[in-house]
Amino acid sequence: MADYLVQFGSPEWLAYGSVAIVQCLILLTVMMGAAATFTWMERKVSGRIQDRLGPTRVGGRFGWLQSPADGIKLLCKEDLMPAEADAVLFRLAPYMSFCASFCVFLALPFSNGWVAQQLNVAVFFILAVAGLEVFGVVMAGYASASKWSLYGAMREAAQVVSYEVPLGICVLIPVMVAGSLDLVTIGNMQQGWGWNWMIFHSPFMFITFFIFVTCAVASTNRAPFDLAEAESELVAGFLTEYSGFRWSVFFMAEYGSMVAVSGLGAILFLGGWYGPIPVADLIGLPHSNHPILGWLGELLGACNFLFKAILGVTFMMWLRWTLPRLRIDQVMTVCLKYCVPLAATMFVGVMLWTYAFPAGLLPRKTPIGPNPEAAARMTVETTGGDRT
Amino acid sequence: MRIAKKYQDRYQEMPIERVDPELVEFDVRTDEMLINMGPQHPSTHGVLRLVLRTDGEVVSDVVPHIGYLHRCAEKIGEKVSPRQWLPYTDRMDYLAGMNMNLGWAMTVEKLMDLDVPDRARHLRVMMCELNRIASHLVAAGTYGLDLGSFTPFLYTFREREKILNLFEDVCGARLTYSYITMGGVTADLPPGWLDKCERFLCEFEEVIPELHAVLTSNEIFIRRTAGIGVLSPEMAIDYGCSGPVLRGSGVKWDLRRDGEPRVTRMYEDYEFEIIAEHEGSYPQDRDDYPVVPPQAVLGDCWHRFYIRMVECVQSIRLIRQAMEKYRECDGPLGEPIKVTQKLPKGEAYLETEAPKGQMGFMVVSNGTAIPWRVRARSSCFCNLSVTHELCRGFLLADIPAIIGSLDIVLGEIDR
Amino acid sequence: MNVADIVDQLKQQLADQVMRADLECVDPWVEIAAERLHDACRFLRETPELHFDYLHCISGIDYLETDPRKAKRIDWEPHFELMYHLSSMQHRHRIVLRVVLPRWRDGVEGRLLEVASVADIWRTADWHEREVYDLCGVSFTGHPDFRRILCPEDWEGHPLRKDYETPEEYHGIRVK
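Chains as they are written, first to last, in our numbering: chain F, 1 to 388; chain E, 1001 to 1415; chain A, 2001 to 2176.
The hints are all genuine.
Pairs of lysine to any residue, SDA-like flavour, derived with a Cα cap of 25 Å:
1) E/Lys1079 x A/Val2026
2) E/Lys1079 x A/Ile2074
3) E/Lys1345 x A/Arg2103
4) E/Lys1005 x F/Ala87
To be clear, the hints were calculated from the coordinates, so they are not data collected in a lab. Since this is a predicted model, take the numbers as computed values, not measurements.
With the hints as extra help, turn the sequences into a complete structure.
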């Protein structure tokens, strides 16, 4: 898109700048909309699990206006800061978390080519940026001048940093199979019928998916790994002294990263924007056939992708309201004694599987595996491209 | 501090009382942290203040501070007659009001050498056992909440709601009943109550396996509670622990069977089991009790919790027997004593088996209608005193697990 | 064992320091002198046939009639009593120990009574004795952690005494 604007004679910096702003605005809208929707959905889902209704008054029978109402309330709240809190860090912390969570969306494709920045190191970028969220949390915990917040922050730091290892290994496995760090490429390799999905590539990959789910839940601090914000022990952990808008920023960061890891899991394992039945192909909608209808096909893909992300988020909510919380040493045990060795074993297993069956056992539409010319072609064709 | 413009003229700087850092409660090494789990905390089950001395996450000492809910009930007891003091007992362990009432009523009856007729006796058993279930449900639900499992809380409170509705039908109150008084009970059952009670018992029996699945047999729950806060039987007896805390350590002691004759007479023709581990196993009424996990050590949090869950089943049994006996019994109901009844001179002390332990009341009388001294010996008071022994060496996250397993109610501790 | 035998054994152990006993009343009690309390408790705990291992309750009772009209009709002198309710789980017997003390030490008002602490015999006595100190004003010598338990640390006065006057203010908060 930026190239079009340059062609029309606008200076490069303006073109790229405005395109970037537009993309950011779209993603911000998506993220905030997601946060609002998921707060409502969390309350409804938790209500139903607990044998009660969720919000039913604000906004008709289903209470869908509850999220905007809560948002307005949070904006109108008094801006409190503990007297002994570190002013700069206290104010900065929520935005750090939010930025880290938001940046993941920059490289996360919603459909074929629908991505803010198509990086050919997308996976690497996402892992790196998602790990920055811990800075916001530690800053919040330290700056709150409360021992309880500090506890939450320390636990969080330990947890997120240690779970990055098995998460990285789990993410590395489909990357190794696909031969590319580019998420669009990985997604496109799962075209066709359901068995093309990466999760069905090998039994090892199947197990890897579940390890990925565990590590993803741990890295987003959702129950049963939510001891950083453990409500019953630490009041609200590192969030204790936050109220009003700052709290809602943290919350958006949390829901944003939930959607992001669900989306990442969907692309890496569950076929991305391709559904189990290739409807778009069957009714003749791929991009190459017809530009506008192809766009419709991609929209269908985006809906698929969002559906899978929502499914992932719902699963995380379901987990939260069912299971008790693990203690910090148990969390570390699960990571270091179970997840890391298992993930490493799966890595070796998948490696041997791809060596034994290079084309995979099931008939695939798109050949799986590293394909340099296709990768080069794709980078040139699609939007933006990266500029290394 | 920023003040809004329109309040600036009214605002006065409040003097901040800064605590002199030289005045600390006890020595603190530089590598230790002194943390206050203050009176307001989600998982201290009331206004309990715990001062923890920790080295990182490992707790080395816990000092409980109580008295935030002290309402001078004993001093008030020296000004009012026993029947007038009955509502104060309700508010001690407010989750088990019937049992508190029973304790006080029976103490005064012991002093006056008064026996209640059988009909009232069966009613008392029914109400006390229903309240035992209600109290254990709260204990189970809030214990799950402490550990991070939010859902069982609502399931248990849904069942407790039905019990409170039953109580409302009987005496008009949902929490503070003053139903069981000296001489019997204040009123007979309304028509249709027994059927409602039976319906509740049937519904509750279906819910118990759900609660076991989501709590007792849950792997994460077991990891959080098994082997945590192990209390040896000798220490339990030495610290005066009672109820599920004592039985969780393997001591098979229940005042309904082992108490004073006045208390055991109340339950003399009832069949029920005392739930305590005997030679490695628990009395099995049903086949679907969860299995004791291998990580659980006798005297740990898991056992205390498990005993409460299984006691609910025994209570269901007792209630059904009580209902049957009540239907067959056609004697008088008994008259509560007059408010201005003079008490004989002397002292009487009686302990009854409340859901949380042995609740004792003492009345000292000088011959008038107003007692000279009233004393309430709280079960949770003694159960809480053992906390510092249980919590040593465990992680910060285990403190709510241990306190929750002791099942304390500050109303009873502070009176 | 029935109470009479227990009291006999106690009398033997303590010679003449066991003053009174009432075995016919609702809760049979034995009066022990304050100086021999600790020995008596240790004897009751450690003798195998007695083995009183469970201390239920320690209560303080203040005997003072503040109403002058009723004071004319009473037949006892103002004094203070401590009651210890003990039982044995093994032998299933119960006893009540009674300690009669003057209201204040040496008759001087405000000087707290001193009694030996039995917290080293039954650990539960720790908190019960703190409560008796807090509410009734008896100090226990040899107590491991002697401070108030229910009232705030800097509260003045002992509320369950019959002549206790509620203070007007506490740290600027009106009490009365």
